[in-house]
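K.L.:
Letter by letter, the chains look like this.
Protein chains: 2
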Amino acid sequence: MSAAATPATGQDRLWSVDEHLEDILATVSPLEPIELQLLDAQGCVLVDDVTVPVSLPPFDNSSMDGYAVRVADIAGASEEFPAALTVIGDVAAGAADLLRVGPGQAARIMTGAPLPPGAETVVPVEWTDGGLGGGPVTGMRARSLSPEGAFGQVRVHRPAEARAHVRAKGSDVQAGDLALTAGTVLGPPQIALLAAIGRGTVRVRPRPRVVVLSTGSELVQPDEQLADGQIYDSNSFALTAAARDAGAIGYRVGAVADDADTLRATIEDQLVRADLMVTTGGVSVGAYDVVKEALSAVGDTEEGGGVEFRKLAMQPGKPQGFGSIGPDHTPLLALPGNPVSSYVSFELFVRPVIRTLMGLKDVHRPRTRAVLQADKALTKAAGRRQFLRGRYTDGTVTPVGGAGSHLIAALAQADALIVVPEDDTSVEPGTEVEVVLLG
Amino acid sequence: MSAAATPATGQDRLWSVDEHLEDILATVSPLEPIELQLLDAQGCVLVDDVTVPVSLPPFDNSSMDGYAVRVADIAGASEEFPAALTVIGDVAAGAADLLRVGPGQAARIMTGAPLPPGAETVVPVEWTDGGLGGGPVTGMRARSLSPEGAFGQVRVHRPAEARAHVRAKGSDVQAGDLALTAGTVLGPPQIALLAAIGRGTVRVRPRPRVVVLSTGSELVQPDEQLADGQIYDSNSFALTAAARDAGAIGYRVGAVADDADTLRATIEDQLVRADLMVTTGGVSVGAYDVVKEALSAVGDTEEGGGVEFRKLAMQPGKPQGFGSIGPDHTPLLALPGNPVSSYVSFELFVRPVIRTLMGLKDVHRPRTRAVLQADKALTKAAGRRQFLRGRYTDGTVTPVGGAGSHLIAALAQADALIVVPEDDTSVEPGTEVEVVLLG
Numbered sequence: 001m002s003a004a005a006t007p008a009t010g011q012d013r014l015w016s017v018d019e020h021l022e023d024i025l026a027t028v029s030p031l032e033p034i035e036l037q038l039l040d041a042q043g044c045v046l047v048d049d050v051t052v053p054v055s056l057p058p059f060d061n062s063s064m065d066g067y068a069v070r071v072a073d074i075a076g077a078s079e080e081f082p083a084a085l086t087v088i089g090d091v092a093a094g095a096a097d098l099l100r101v102g103p104g105q106a107a108r109i110m111t112g113a114p115l116p117p118g119a120e121t122v123v124p125v126e127w128t129d130g131g132l133g134g135g136p137v138t139g140m141r142a143r144s145l146s147p148e149g150a151f152g153q154v155r156v157h158r159p160a161e162a163r164a165h166v167r168a169k170g171s172d173v174q175a176g177d178l179a180l181t182a183g184t185v186l187g188p189p190q191i192a193l194l195a196a197i198g199r200g201t202v203r204v205r206p207r208p209r210v211v212v213l214s215t216g217s218e219l220v221q222p223d224e225q226l227a228d229g230q231i232y233d234s235n236s237f238a239l240t241a242a243a244r245d246a247g248a249i250g251y252r253v254g255a256v257a258d259d260a261d262t263l264r265a266t267i268e269d270q271l272v273r274a275d276l277m278v279t280t281g282g283v284s285v286g287a288y289d290v291v292k293e294a295l296s297a298v299g300d301t302e303e304g305g306g307v308e309f310r311k312l313a314m315q316p317g318k319p320q321g322f323g324s325i326g327p328d329h330t331p332l333l334a335l336p337g338n339p340v341s342s343y344v345s346f347e348l349f350v351r352p353v354i355r356t357l358m359g360l361k362d363v364h365r366p367r368t369r370a371v372l373q374a375d376k377a378l379t380k381a382a383g384r385r386q387f388l389r390g391r392y393t394d395g396t397v398t399p400v401g402g403a404g405s406h407l408i409a410a411l412a413q414a415d416a417l418i419v420v421p422e423d424d425t426s427v428e429p430g431t432e433v434e435v436v437l438l439g
Numbered sequence: 001m002s003a004a005a006t007p008a009t010g011q012d013r014l015w016s017v018d019e020h021l022e023d024i025l026a027t028v029s030p031l032e033p034i035e036l037q038l039l040d041a042q043g044c045v046l047v048d049d050v051t052v053p054v055s056l057p058p059f060d061n062s063s064m065d066g067y068a069v070r071v072a073d074i075a076g077a078s079e080e081f082p083a084a085l086t087v088i089g090d091v092a093a094g095a096a097d098l099l100r101v102g103p104g105q106a107a108r109i110m111t112g113a114p115l116p117p118g119a120e121t122v123v124p125v126e127w128t129d130g131g132l133g134g135g136p137v138t139g140m141r142a143r144s145l146s147p148e149g150a151f152g153q154v155r156v157h158r159p160a161e162a163r164a165h166v167r168a169k170g171s172d173v174q175a176g177d178l179a180l181t182a183g184t185v186l187g188p189p190q191i192a193l194l195a196a197i198g199r200g201t202v203r204v205r206p207r208p209r210v211v212v213l214s215t216g217s218e219l220v221q222p223d224e225q226l227a228d229g230q231i232y233d234s235n236s237f238a239l240t241a242a243a244r245d246a247g248a249i250g251y252r253v254g255a256v257a258d259d260a261d262t263l264r265a266t267i268e269d270q271l272v273r274a275d276l277m278v279t280t281g282g283v284s285v286g287a288y289d290v291v292k293e294a295l296s297a298v299g300d301t302e303e304g305g306g307v308e309f310r311k312l313a314m315q316p317g318k319p320q321g322f323g324s325i326g327p328d329h330t331p332l333l334a335l336p337g338n339p340v341s342s343y344v345s346f347e348l349f350v351r352p353v354i355r356t357l358m359g360l361k362d363v364h365r366p367r368t369r370a371v372l373q374a375d376k377a378l379t380k381a382a383g384r385r386q387f388l389r390g391r392y393t394d395g396t397v398t399p400v401g402g403a404g405s406h407l408i409a410a411l412a413q414a415d416a417l418i419v420v421p422e423d424d425t426s427v428e429p430g431t432e433v434e435v436v437l438l439g
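Line by line, the protein sequences are chains A and B.
Okay, so the first sequence: first residue is 1 according to the UniProt record's numbering, each after it adds one.
Okay, so the second sequence: first residue is 1 according to the UniProt record's numbering, each after it adds one.
No wet-lab data here; the hints were simulated from the structure.
Careful, some of the hints might be misleading.
No distinction is drawn between identical chains; accordingly, a pair holds when it is met within one copy or between any pair of copies.
As the list claims (entries may be wrong) - In silico SDA-like cross-links for lysine to any residue, where the CA-CA straight-line distance does not exceed 25 Å:
no., residue 1, residue 2
1, Lys376, Gly401
2, Lys361, Arg244
3, Lys361, Leu437
4, Lys376, Asp424
5, Lys361, Asp245
6, Lys169, Phe309
7, Lys169, Arg351
Isolated chain A (complex conformation):
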């Protein structure tokens, strides 16, 4: 039965990749926000604008290790004619009760310490004799080894303008300023800013919990012995890893045998920890395609619920299911079982769902155009969009392996998908093609 002969409605209609994706994304909304500790919010999306509660720095402070002094006292100072000042003590970072610097006096001050009252400027220790009575020094001796350094006399060798080496209160951000806007993804620098303004927790959209289960009575756990007719389960591993790669918390359930009751029970059991459920296998036209069978029964019967199975104008990945299940209308994507089909389907359909749940704006893999490098033309049937595995380098892409949905070895060498449009039946080497970068 050709695609052209298929009725254009219902489950027998052939859907385009774009229609299917649009349909899925129309049903998925970002997860409800949650207040998280800063480091738990890494990679998550901020829900509200964050304003600055207290100016940064919160007080005038020194940007150097040196001496806090009055400007007039060091005017015209030079190494030959130094200004000699009485050191009245130390101002360390974190100091609260501050010395008052009077005329002819200096307070030894550390980077980050508050500028003490009376002081107008800071001279770096390298512009002084460090209280040792000799030439310029390169630093201070540790307070614990040399407590006398906080007192005595210091000779200053250079003048300084008012507020030199002083970071003014509020010079980074002012109280009331907008620190970060809603929608910002929290990376290390954004986490730095939130901590710096005193925010220990932050309201973000959480990482979705994605439950991955593969189906198939032929599937065996790696490291076990293969019997006749069996293969190793790879999909549940690959898609759990891919879910994590997309930003989710991935839970791998593993392989479930082709029995509708078992599958139904497993899915219902797992629902409690799922923001998104992903299955592989059992979605095609076979007599043992239990995902199809099981999910029509657990189907979310309320309006807009239930799981629908479709055929897509796509290779690999023609049979697909999607919808929602259970009391919370948990979204579910039922991917085909061939390893390459399930992986390509994940990248095209599941990854955008995960990133939509996270509240990210940028939900798709980046795409670019590249010149096809190949020995011969790529050929395919008309009427479906093909995603071939390829390697992308500097504007060119080279196919790896063939079009077969079972070619996992070639998939492991690929870093891109070559997109061959529905209408094309042949793509000559040297042609520019669309490429999905798998990153």
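Let chain A serve as the given structure and place chain B on it in line with the hints.
P.N.:
Same frame as chain A, but now just chain B:
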């Protein structure tokens, strides 16, 4: 004291960024490999070549849901003159005891099921009447609902060549083939391949455990009340996040007061879980710079051990310490305490260490060249390499904020560092500059 007047050896020498980096990387080796469960090895580097123990697929199998038949029995079949065959039963995926298909017979077969003995080819169910005696069907009815479908008669509407819709044993990979080479980073497709060939665990270099602690008596935990002279600790949050971003397991210890004994005790206590120790603050020339003080005492006294403190021809990030400590010669990087200095130092020096420990080849942030977009020239003193924060878009970079090491708000808006070389004192708008992409 000018850089030119500094002696060229020992701790008073001014080091270039590249010398310092080279020096650090010369002392760091990849971590010893460890056998990990597949999903725990995600993002890690494979240590050994992996060969294929069993061919994939392990047996000839069907790529379609359909009927396994003999070629001669369906030669010349058409919808008008179908070939009528006796259905002898089902071959499901995972089936071990297979039916034998004799002349005039067909076995109903599912995708992935072994090609049964006697059968030479597979016809998709869509090329048949599905045993219903009508026109072509679009699929099979579920076995559980319609068990009689495994028997009776099927009419085949089209011929097929030998081994059509059959995936040959070994057509993906053959036993003995090289599946993945040592040095491969394990992403989802590589994990798929390892699982598919039956590998449940794999030998990789583990993620380094990075202990991050900030120092400073002025530091207060976010969400607490600031007293006079205090600021919030942001470095321990930012660098723990940055360590995770680089691929490490980050442990945040938080802020330690400026007391050498406390710091020494904390570091010694944390060593047990550290593959790399990172501190911030206390490395400059002040009298309370306890990292310097404490680490000369815990210094690894064996050859090549100990922590050395240096001045770099760099802004921000002039004071830096690095070396190794403790019985296992655990590498330690002591970064300056200003938030921007510590973050920039992390990106330039710590990230490459983490990625070297992981065994990655690509240890640095990517760099590119971009045209400077600014209202006025960027100016700086000669003799040090400057790293300004910027935003990169399509080949241009725009500075955000100033050069101050305390400007965290601007850092949170940046996605790139603009590199201004040592000798330059002014960079005009429109000039091409080097840019580090913070990704």
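K.L.:
Could you run down the list of hints and mark each one as holding or not?
P.N.:
Checked hints:
1. Lys376 / Gly401: within (13 Å within a copy, 53 Å between copies)
2. Lys361 / Arg244: Both: 18 Å inside a copy, 23 Å across copies.
3. Lys361 / Leu437: For lysine 361 and leucine 437, both the intra-copy (18 Å) and inter-copy (20 Å) Cα distances are at most 25 Å.
4. Lys376 / Asp424: Within one copy, since 15 Å is at most 25 Å while 52 Å is not.
5. Lys361 / Asp245: Both: 17 Å inside a chain and 20 Å across chains, each within 25 Å.
6. Lys169 / Phe309: neither (62 Å within a copy, 30 Å between copies)
7. Lys169 / Arg351: neither (45 Å within a copy, 32 Å between copies)
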